[in-house]
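Peer 1: So you can see what is in the structure, the chains are spelled out below.
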Amino acid sequence: MSDVIHDRFTPLQRVLHWVMAICILAMLFIGVGMVSTVMPKHLTLVSIHKPLGIAILVLALVRLGVRARYGTPPLPYDLPEPMRLAAVLSHWVLYALMIAMPLIGWGMLSAARYPVVLFDGVHLPSILPLSDSLHTALWNAHRALALVFFALILLHLAAALFHALVRRDGVFQAMAGGSPPKVQIAPAE
Amino acid sequence: MPPRQSAPSRPVAVSLLVIALVVGGVAAAFAYTAGWLSPERLTPDRIVDAFSPPGKEPLGHRRNHAKGICFTGVFEANGEGAALSKARVFAKGQYPVLGRFNFGTTDPAASDVTARVKGLAISITTPDGQEWRSGMIQLPVFPVSTVQGFYDLLVASGSKDPGAMPAFVAKHPEIAPVGEWMKTAPWTASYADVRYNGLNAFLFTDSSGADHAVRWSMLPAQQPTDVPADDLAKRDPNFLEQDLQERVAAGPLHWTMSVMVANPGDPTADPSKAWPDDRKTIDVGTLTVQNVQAEANGPCRDINYDPTVLPGGIRTSDDPFPAARSSAYAVSYDRRTAEAGDYPRTTTGATP
Ligand code: HEM
Ligand code: HEM
Ligand code: HEM
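Protein chains in written order, with my numbering: chain A, 205 to 393; chain B, 85 to 436.
Where hints are given, some of them may not hold.
[As the list claims (entries may be wrong)] Result set (DMTMM-like, lysine to aspartate or glutamate): computed pairs, CA atoms no more than 25 Å apart in a straight line: (1) A:245 <-> B:354; (2) B:176 <-> B:191; (3) A:254 <-> B:402; (4) B:176 <-> A:285; (5) A:245 <-> B:160.
[What the hints assert, rightly or not] Computed list of chain A residues with no C-beta within reach of chain B, every gap over 10 Å: (6) 236; (7) 238; (8) 241; (9) 244; (10) 245; (11) 250; (12) 273; (13) 287; (14) 289; (15) 290; (16) 295; (17) 317; (18) 332; (19) 335; (20) 339.
Treat the hints as calculated values from the structure; they're not laboratory data.
We put the beta carbon where it would ideally sit given N, CA and C, even for glycine.
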């Protein structure tokens with residue numbers, strides 16, 4: 205843990221956040237898109253879904269490591285307690301989903317004995333035995349949690365924009381960069 | 085301390101509206117992508133729904149080719165296929181096979197007497213951990229040239245309107261060869277003497293990186309057992325499975341895998357069109373069927389013979405069917421495995 209208090213996330217954390225934000229949103233769109241088409245793009249989307257999902261798993265672990273090393277900037281001192289709690293909790297749920305979704309996808313394919321092919325000729329080992337009940341549980345979880353994930357991201361997006369446009373308290377800039385609004389520093393009392 | 089909102093560039097209401105529009109826009113794009121705003125889109129769920137009337141789904145079973153029997157065996161590659169594809173499965177050697185004989189029906193309790201279009205599904209695994217799955221059928225060509233056409237065929241054949249099929253046939257003249265085959269092809273009394281055709285075109289990539297568009301078939305070593313349809317009708321409802329078990333108990337069964345290579349310009353995207361007979365064909369190996377197991381607790385039960393499970397060296401072509409099959413087989417698989425309780429794993433009937 206760094207003992208210096210930053211008012212921003214480190215550049216590495218910001219890059220990871222935005223790259224992963226794009227990847228995760230893309231994954232959600234690819235996921236619902238691929239299961240709703242019979243066109244050849246079905247296969248193209250599936251062939252992106254698997255490696256990109258595994259990439260998100262790896263990036264999420266790296267990101268948590270970076271976070272453990274560099275910490276996070278404090279939330280504004282005057283953020284109401286319920287909002288503070290919502291922010292902290294939702295961030296942990298987001299991290300949990302970034303890790304759980306790819307593992308569930310991988311497990312679901314394993315439990316159905318599909319080869320988990322990432323690229324032409326490159327495949328992952330199976331992590332579960334063939335099992336109809338495991339497959340069904342994981343398949344239901346993958347679908348339900350995908351919707352939870354998306355709903356949470358919409359809330360997160362709304363909250364980020366609320367900080368940026370309404371509260372103007374520097375929270376958005378902590379992740380987005382750019383200069384925070386003038387009046388955001390707490391007076392030293 | 086000055087209030088935070090001391091100098092907003094715009095009223096709060098406008099900011100909230102902007103937020104609502106952004107969030108609503110993303111949500112709408114998601115709903116559109118998922119097909120929730122386009123009920124007319126042909127989705128894998130709709131295709132699978134079209135196989136059975138509502139409430140008549142074969143719970144726990146495959147939504148098509150619902151009746152079948154598992155087998156294990158080997159594929160012995162003779163090495164000739166290596167000229168067409170670098171896939172390990174074509175290097176001379178023996179590779180294990182897990183397969184399933186089946187016939188086209190949406191009723192797992194259908195009598196084998198009704199088995200007009202028999203099928204063979206195989207999965208071949210190689211020591212490099214790769215796998216090749218393929219589903220092949222007895223028809224010489226596929227009935228329709230497009231996926232939408234196949235859906236329309238399912239709807240027309242399931243329709244109570246006596247005019248539906250004639251109207252479909254009028255719109256889809258490409259179905260004529262299959263119609264002719266249905267009328268004239270001999271009925272056979274075994275899974276063992278049937279030629280099974282892959283019908284869809286795939287691309288083989290050889291070690292120089294060159295692609296070859298191909299279709300493959302399994303040619304039986306067993307002699308034909310053609311019987312008049314009237315004689316067949318008197319047989320046991322499970323006679324195909326009994327026949328297979330008796331034959332395999334007496335000795336292994338063999339098929340030669342034959343690969344046909346398209347010439348430039350051959351209709352690779354349309355499985356309803358045969359390629360001319362003079363095209364180069366290469367025998368790449370032999371399938372040997374060694375053991376047979378009832379499906380209920382057999383090793384093929386929970387396998388999805390998705391034809392896009394391919395090893396490096398084989399990939400899909402401009403034929404749109406494998407993608408559609410992959411999407412639909414996954415739905416069928418998701419449903420039937422979730423309904424496993426409706427299909428007990430105990431062996432019943434004539435297939436111990
Ligand atoms: C952050 C990671 C991931 C996200 C956000 C995600 C999201 C989704 C979504 C939204 C769907 C569509 C669900 C539906 O409407 O039915 C889906 C389906 C699917 N995902 Fe993922 N996914 C992720 C990771 C993975 C991984 C790593 C794999 C495999 C290695 C995977 C395999 C699948 C499969 C096979 C389906 C189709 C399931 C079916 O209906 O049969 N996913 N995913
Ligand atoms: C699409 C998927 C997204 C995911 C999974 C995601 C995830 C996260 C997570 C886990 C954090 C907490 C960082 C930490 O405390 O370590 C965070 C922070 C943040 N995110 Fe996102 N984010 C996404 C998209 C967005 C978008 C679209 C925006 C803005 C328009 C945004 C703005 C922010 C901001 C401003 C913070 C800083 C909050 C703070 O200071 O605690 N995020 N994000
Ligand atoms: C768009 C066209 C097609 C659709 C929608 C379709 C649909 C289906 C479905 C839903 C199943 C059950 C899958 C499962 O639950 O595992 C199935 C099985 C099967 N299909 Fe198709 N099919 C199509 C085209 C074809 C073609 C072109 C062939 C052969 C050349 C074929 C051969 C088979 C075979 C052999 C099986 C049985 C597989 C097994 O034993 O598990 N199908 N089909």
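Peer 1: Please flag the earlier hints that this structure goes against, numbers listed from lowest up.
Peer 2: 2, 4, 5, 6, 7, 8, 9, 10, 11, 17, 19 and 20
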